[in-house]
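Q: If you want the building blocks of each chain, they are given just below.
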Amino acid sequence: GNSVTQMEGPVTLSEEAFLTINCTYTATGYPSLFWYVQYPGEGLQLLLKATKADDKGSNKGFEATYRKETTSFHLEKGSVQVSDSAVYFCALIFHSGAGSYQLTFGKGTKLSVIP
Amino acid sequence: NAGVTQTPKFQVLKTGQSMTLQCAQDMNHEYMSWYRQDPGMGLRLIHYSVGAGITDQGEVPNGYNVSRSTTEDFPLRLLSAAPSQTSVYFCAISPGANTEAFFGQGTRLTVV
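In the order they appear, the protein sequences are chains A and B.
The opening position of the first sequence corresponds to residue 963 in our numbering, with each subsequent residue numbered one higher.
The opening position of the second sequence corresponds to residue 17 in our numbering, with each subsequent residue numbered one higher.
In short, the hints are calculated from the structure, not lab data.
There could be a bad hint or two in this list.
[Unchecked claim] Here are some, though not all, of the chain B residues that point toward chain A, as calculated from beta-carbon distances under 10 Å: (1) Met-48; (2) Leu-59; (3) Val-66; (4) Ala-68; (5) Tyr-80; (6) Arg-84; (7) Thr-87; (8) Phe-106; (9) Cys-107; (10) Gln-121; (11) Leu-125; (12) Thr-126.
[As the list claims (entries may be wrong)] Stretches of chain A that chain B covers, calculated by requiring three or more beta carbons in the stretch to come under 8 Å of a beta carbon on chain B: (13) 1000-1011; (14) 1067-1073.
Ideal Cβ positions, reconstructed from N, Cα and C, are used throughout, including at glycine.
Please build the complete structure, drawing on both the sequences and the hints.
A: Next comes the structure, spelled out in structure tokens:
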């Protein structure tokens, strides 16, 4: 079945440091890939997405590139801010056709950014 | 534009009690889903619906029932609550089978 593995946290960085959160996936076929962010006490918000190989998703300074050869979708940001402190989830959905909806999540990585 | 509205935000139940978590949307999306979030487990799919009158099980359906009589509403029922159902529950909507989901703010449920 489909699965997502992301690096375990927590991750603590100083402000303006470089961020990488690793995400790899297992899926039959070619899924769409997502990064979601969850701020304390809130629901999940879509951060970025990529729907085919070599696509780069980007938003709010975050980027991730869909790498089919390594089945990866690592999240990066060049300079983190305190306001980026949150839990980040990697997720995939497989193009399974009508009648099915299976969005699969990783376990989440908690990021804390200190001033 | 409310998007996805979940009620209540917080609930405490005694073991064996029943309750319904409400989820309503105003975006006319066909796909609706319920997830539970537990520490260290990420989000796990409980049930989903691909349209009014159509529901299916996800990864962890036991102990939960759903129905979808309208496009707007997708309630989640706990018939006999157990402490193992203590969790944060999220409702999500999606415009299509292969697209991202948009989430509600969550319901924090404690079963004592």
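Q: Holds or violated: is the Cβ of Arg-84(B) closer than 10 Å to a Cβ in chain A?
A: Violated, about 12 Å.
Q: Hint Tyr-80(B) vs chain A: min CB-CB distance below 10 Å?
A: It is violated, given that the least Cβ distance between Tyr-80(B) and chain A is near 16 Å, above 10 Å.
Q: Three residues or more, CB to CB closer than 8 Å: is that satisfied between the segment 1000-1011 of chain A and chain B?
A: Since three or more residues must qualify, the claim that chain B covers the segment 1000-1011 of chain A holds, with 6 doing so at under 8 Å.
Q: Going by Cβ atoms only, is Gln-121(B) closer than 10 Å to chain A?
A: With Cβ-Cβ at 5 Å, under 10 Å, it holds.
Q: Please verify that hint: Cys-107(B), Cβ, nearest Cβ of chain A, below 10 Å or not.
A: Check passed: Cβ of Cys-107(B) comes within 9 Å of chain A, closer than 10 Å.
Q: May I ask you to test the interface hint for Val-66(B) with respect to chain A, counting a Cβ-Cβ separation under 10 Å as satisfied?
A: Cβ of Val-66(B) sits 6 Å from chain A, so the hint holds.
Q: Less than 10 Å between beta-carbons is the criterion; does Leu-125(B) satisfy it with respect to chain A?
A: violated (15 Å)
Q: Can the hint on Met-48(B) be confirmed by a CB-to-CB distance to chain A that is less than 10 Å?
A: With a minimum Cβ separation of about 9 Å from chain A (threshold 10 Å), the hint on Met-48(B) holds.
Q: Using Cβ atoms only, decide whether Leu-59(B) comes closer than 10 Å to chain A, and label the hint accordingly.
A: holds (4 Å)
Q: Hint check: is the beta carbon of Phe-106(B) less than 10 Å from a beta carbon of chain A?
A: Hint holds; Phe-106(B) Cβ to chain A Cβ min 6 Å, cut 10 Å.
Q: At least three residues with a C-beta closer than 8 Å to a C-beta of chain B: is that true for the segment 1067-1073 of chain A?
A: holds (count 4)
Q: Grab the minimum C-beta distance from Ala-68(B) to chain A and call the hint holds if it beats 10 Å, violated otherwise.
A: violated (14 Å)
The structure fails hints 4, 5, 6, 7, 11, 12 (numbered hints given earlier, in ascending order).
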